[in-house]
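For reference, the chains in residue letters:
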Amino acid sequence: MERPLTQHIPDNGAALHLREYEAVGGYSALRKALRDMEPAQVSTLVKEANLKGRGGAGFATGMKWSFVPMNVPGPKYLIANADEMEPGTFKDRWLLEGNPHQLLEGMILASYAIQATDAFVFLRWAYKDAAREMRQAIADAYTAGYLGKNILGSDFSLEMQLHTGVGRYMCGEETALLNSLEGKRATPRAKPPFPQVSGLFGKPTIVNNVETLSWISHIVNNGEAWFKSLSHTADGGTKIYGVSGRVNKPGAWELPMGITMRELLEEHAGGMRNGYRFRGALPGGASTDFLTDAHLDVKMDFAGVAAAGSRLGTGTMVVLDDHTCPVGFVHNLEHFFAQESCGFCTPCREGLPWTEKILWSLENGTGEPSDLELLERHARLLGPGNTFCALAPGAMEPLQSALKYFREDFEQHIKEKKCPYAHHQH
Amino acid sequence: MLSAIEIEKISHELRHVPVKKAACIEALKIVQQERRWISDESVADIAAMLEMSTAEVDSVATFYNLIFRQPVGRHIILLCDSISCYVMGYTVLRQRLHEILLIGYGQTTADERFTLLPNACLGTCDHAPALMIDDDLYRDLQPADLEQILEKYH
Ligand SMILES: Cc1cc2nc3c(=O)[nH]c(=O)nc-3n(C[C@H](O)[C@H](O)[C@H](O)COP(=O)(O)O)c2cc1C
Ligand code: SF4
Ligand code: FES
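Note that the protein sequences, when read in sequence, are chains X and F.
When we follow numbering that gives the first Met the number 0, the leftmost residue of the first sequence carries the number 0, and every step to the right adds one.
When we follow numbering that gives the first Met the number 0, the leftmost residue of the second sequence carries the number 0, and every step to the right adds one.
FYI, nobody ran anything at the bench for these hints, they're computed from the structure.
Please read these numbers as outputs of a predicted model, since none were measured by experiment.
C-beta: ideal position from N, C-alpha, C; glycine also.
Some hints here could point you the wrong way.
Said to hold, decoys possible - Derived contacts from chain X toward chain F, CB cut-off under 10 Å, selection only:
(1) Gly166
(2) Arg184
(3) Ala251
(4) Ala285
(5) Asn331
Could you put together the complete structure from these sequences and hints?
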């Protein structure tokens with residue numbers, strides 16, 4: 000089983016430094032592209048590989064790049080989204096701390112493809128080790144001539160900066176990220192214009208996830224057929240999957256795209272801990288719909304999880320066990336979303352705190368039978384198309400699916416006027 | 000008044016941006032690093048240096064979770080209160096921290112040693128529950144571990 004993204008990361012998680020990275024073929028894709036390929040050929044190759052974005056939405060990367068106008072003078076930007084703040088998600092951390100040059104090489108290649116002049120790593124504040132490794136890697140790449148003026152003697156030049164954030168989930172939303180990089184509040188921008196045309200400081204800009212960009216050097220070196228062959232399904236490549244919650248071996252693994260939920264839970268995460276039963280899971284972070292034990296054979300790729308009524312999202316699964324209250328679980332999620340709402344549009348600013356309040360009333364025994372309908376109304380009214388960005392619709396995904404799959408728990412809270420779970424975890 | 004060091008560091012940032020305003024977040028980070036928090040006076044000083052209104056600087060300062068507009072202690076405890084840590088029992092850690100430090104969220108100990116804050120997912124969910132103190136991450140925590148960890152910070 001091939002693990003191109005993580006195979007060289009030492010088991011203790013320490014970073015692969017420049018010399019070690021070069022010793023395993025690092026920067027050979029960059030040499031090859033600058034010597035033998037036109038920028039458009041790099042884009043075409045990524046398009047043919049059908050690489051889909053690993054940041055949550057699964058948008059085709061080559062397609063995204065193709066919207067950048069190529070023959071305009073002036074600055075263009077490439078940004079690695081390393082904000083990773085989706086609760087339950089810890090996959091980009093592994094790549095950032097363990098293989099920083101793989102990300103840099105991918106970013107330089109992506110910048111070459113769109114002819115970017117400047118690149119940024121937008122890193123969340125909490126990732127201190129990643130910040131140290133990235134800073135070192137950028138400095139080493141400059142010294143070695145992989146960054147700066149006339150890279151490897153070519154006529155391509157690129158400047159690279161690390162930006163560390165000051166904490167806000169909305170910084171991960173790509174247009175809000177641009178505002179934050181411009182020193183402003185992280186509120187989203189109206190689209191169109193799309194960032195590919197008018198992004199950072201009004202210039203063409205591409206934002207891609209860390210895991211997405213970490214693929215580029217491998218695709219350039221090995222081609223699209225190889226990329227597709229790594230996967231069990233039509234979505235190519237491997238995927239970094241993760242599991243957290245009451246399983247025997249929580250962790251993250253690079254596995255062929257499209258393994259089943261059952262394989263992930265049982266073979267890799269070691270099954271449920273003794274005395275705990277699986278009730279459901281968010282397959283790809285806090286803003287994805289629950290799946291239950293009826294879905295264990297679902298293939299975890301973009302189409303498979305969507306067909307089961309959820310989203311692959313970030314591919315990092317949070318498990319709900321039978322000792323944890325599903326209402327309390329969803330209350331915790333909605334508390335997060337209400338806190339992180341940027342307040343820019345009314346349904347989200349008002350609706351999320353209200354949702355949180357209703358769930359809290361259920362938990363402390365003051366819920367009313369009409370509350371379930373009220374929650375369902377929120378799930379509809381904060382859904383896709385009614386808010387300015389995807390935060391609120393994402394927040395409604397676990398809520399609407401919990402109301403569907405764990406309805407008897409909600410009803411029991413109202414009937415018994417208390418949370419029936421032993422340790423009321425607030 | 001901004002110190003000479005602060006002015007030098009902010010000026011350095013200004014060289015990397017096309018408009019002065021764009022250095023606003025960096026300027027807040029720089030001043031906070033020197034003074035632990037951002038006072039009204041600092042907001043006004045930054046505004047003057049970046050040719051912004053104080054309201055504009057304040058709107059940015061108050062937006063971000065980790066820019067502090069109130070005095071804080073020498074060490075910041077950020078307790079993850081997101082979903083995996085919820086499942087794995089962060090509430091027990093919160094309870095224990097309250098007992099040891101006699102403060103709730105948003106409060107600072109009388110000796111100004113610690114400020115306790117909740118924080119969204121720290122991105123280490125396979126090792127939940129977790130917390131950070133300043134730049135240090137602690138994972139797979141048990142309530143009994145806390146006292147010894149806190150000892151390290153003065
Ligand atoms: C509220 C919100 C938070 C997001 N946070 C992140 C994040 O931390 N990292 C990320 O890569 N994408 C995040 N996204 C998705 C980005 O907007 C964007 O789609 C992604 O970075 C594109 O990268 P990709 O095409 O490589 O997947 C977030 C989206 C929303 C709505
Ligand atoms: S949906 Fe929420 S986070 Fe998104 S713009 Fe509206 S208020 Fe802001
Ligand atoms: S939920 Fe606590 S570290 Fe992710």
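**Asked** Does the interface hint hold: is arginine 184 of chain X within less than 10 Å of chain F, judged Cβ to Cβ?
**Response** Hint on arginine 184 of chain X: holds, closest Cβ of chain F at ~4 Å, below 10 Å.
**chain F contact restraint on alanine 251 of chain X - CB to CB distance below 10 Å** = Status holds, d = 6 Å.
**Request:** Using Cβ atoms only, decide whether asparagine 331 of chain X comes closer than 10 Å to chain F, and label the hint accordingly.
**Result:** This interface hint holds because 4 Å falls under the 10 Å limit.
**Asked** Should the hint that alanine 285 of chain X touches chain F count as held when the rule is a Cβ pair under 10 Å?
**Response** OK, holds: alanine 285 of chain X within 10 Å of chain F, min 6 Å.
**Request:** Verify the interface restraint on glycine 166 of chain X: the C-beta must sit less than 10 Å from at least one C-beta of chain F.
**Result:** With Cβ-Cβ at 4 Å, under 10 Å, it holds.
In this structure, every one of the numbered hints holds.
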